[in-house]
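Peer 1: Sequence:
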Amino acid sequence: MPITIYDIARAAGVSPSTVSRALSGSTLISKKTRDRVQELAHRLGYFDQQVAKGGKVTGNIAVFVSDVTNPVLAQMIKGVQNRLSEAEIGMLVIDSDGKSEDELSALAALKKNNVCGIVMSTPHFNSTYATTLRSLELPAVLAFSFSREPDISCVYINNVEAAFEAVQYLFRAGHEHIGIVSGPIGDLTISRERLQGCRLAYMAEQRTLGDSDIVEGDYSIASGYAAAAVMMDQWPERPTAIFCFSDMMALGALQALQEREIKVPEEVSVIGFDGIDFSTLTTPPLSTVAQPSFEIGRTCADILLRRLTQGEEEPVKLEMPYTLEIRTSVGQPYLKQGTNHAKGGDVGKQVSIR
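Start counting the sequence shown at 1083; every next residue gets the next number (the numbering used here).
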């Protein structure tokens, strides 16, 4: 069995996210910890897991992302690059800026760019993408999203379960009124999965998550700020906790709360999703559902390399573990919350921030 960051984490007595940061060279952990984890990874043979010598790969691996500046995708790209550099294979990064039409046209042109395999992270993946990939006759792996297409490999986390656990934690901390800052629900499978997890957590508490408890964002800092502003300024009763579907939106929510002199977590708790490096640097440090972005990228690359060099034809559906990292942005709620007195407008309606 290959050595993973979870094996290293157990051996080192640290979290998988700390191992991921150490292996990617992050300066957000101490040099002592980084060096210790990297030395242990070498000792366990993590960096020696090379592809078989029998096949030689010619061409580059194309990595499709919707936003190269997104910290989650940047870590995934680092993971791909880390694995490909071991095999001395080049990488081509394509940023679609979140536009599905650009992704599809770029996919169709790939064979002209000496590409031998594809790692794709897109919020829009559907049967049209699968058909386009088949027409290229190139091996491909989908990062972060599960695909039911039988011939498409994918590396992902269980978004339903992860969101369920985050909301369940808030309930167990004593929160009864939770504001949800979702991603675009109509467009993105990941957003729908995380919302499903929220609804299941409410059902487990014999509650109902209503549309009036949800503000729809777009995973950006600005939309998180705007969503929290709606909750604080327009909702008739402020939530005691906010769950954001991304750390970027949670950063915006923290800013909106701080500008209104609303204390976190004393008055409102905040929890995000992704586990980006910046989440440890906020005031207070952000609680989050951390997904192993670096390891997801590295694993995607490894799947492609085995396909290219060893002829493995069977598609891989690999669910990676996530970690609920509770920091000081989450606490017990006030016993009594004040109310807002907004008039009309968006009160009681699901709000979309674009």
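The set of hints was computed from the structure by calculation and includes no laboratory data.
Please note that a few of the clues may not be correct.
[As the list claims (entries may be wrong)] Dumping the calculated EDC-like pairs for lysine to aspartate or glutamate here, alpha-carbon to alpha-carbon at most 20 Å:
(1) K1113 to D1149
(2) K1160 to E1170
(3) K1160 to D1179
(4) K1114 to D1149
(5) K1113 to D1359
(6) K1160 to D1149
(7) K1399 to E1243
(8) K1114 to D1315
(9) K1345 to E1258
(10) K1399 to E1231
(11) K1160 to D1177
(12) K1399 to D1149
(13) K1160 to E1219
(14) K1160 to D1315
(15) K1399 to E1258
Peer 1: Taking the hints in turn, state whether each one holds.
Peer 2: Tested hints:
Distance check on the hinted pair: K1113 and D1149 sit about 30 Å apart at the alpha-carbon level, beyond 20 Å; violated. With a C-alpha separation of about 15 Å, the suggested pair K1160 and E1170 falls inside the 20 Å cut-off, and the hint holds. Annotation: proposed proximity of K1160 to D1179 holds, straight-line Cα distance about 19 Å (limit 20 Å). Proximity of K1114 to D1149 is assessed by CA-CA distance (about 32 Å); at most 20 Å being required, the pair is judged violated.
Between the alpha carbons of K1113 and D1359 the distance comes to roughly 15 Å, so the proposed pair stays at or under 20 Å and holds. A distance of roughly 14 Å separates the Cα atoms of K1160 and D1149; the hinted pair therefore holds under the 20 Å criterion. With a C-alpha separation of about 17 Å, the suggested pairing of K1399 with E1243 holds against the 20 Å cut-off. For the hint pairing K1114 with D1315, the CA-to-CA distance comes to about 45 Å; that exceeds 20 Å, so the pair is violated.
Proximity of K1345 to E1258 is assessed by CA-CA distance (about 18 Å); at most 20 Å being required, the pair is judged to hold. Distance hint between K1399 and E1231 is fulfilled; the C-alpha atoms sit about 10 Å from each other, no more than 20 Å. With a CA separation close to 15 Å, the supplied pair K1160 and D1177 stays within the 20 Å bound. With a C-alpha separation of about 24 Å, the suggested pairing of K1399 with D1149 is violated against the 20 Å cut-off.
Annotation: proposed proximity of K1160 to E1219 is violated, straight-line Cα distance about 26 Å (limit 20 Å). A C-alpha spacing of about 40 Å is found between K1160 and D1315, which places the hinted pair above 20 Å, so the restraint is violated. Of the pairs offered as hints, the one joining K1399 and E1258 is violated, with about 36 Å between alpha carbons and a cut-off of 20 Å exceeded.
Of the hints listed earlier, those the structure fails to meet are numbers 1, 4, 8, 12, 13, 14, 15, in rising order.
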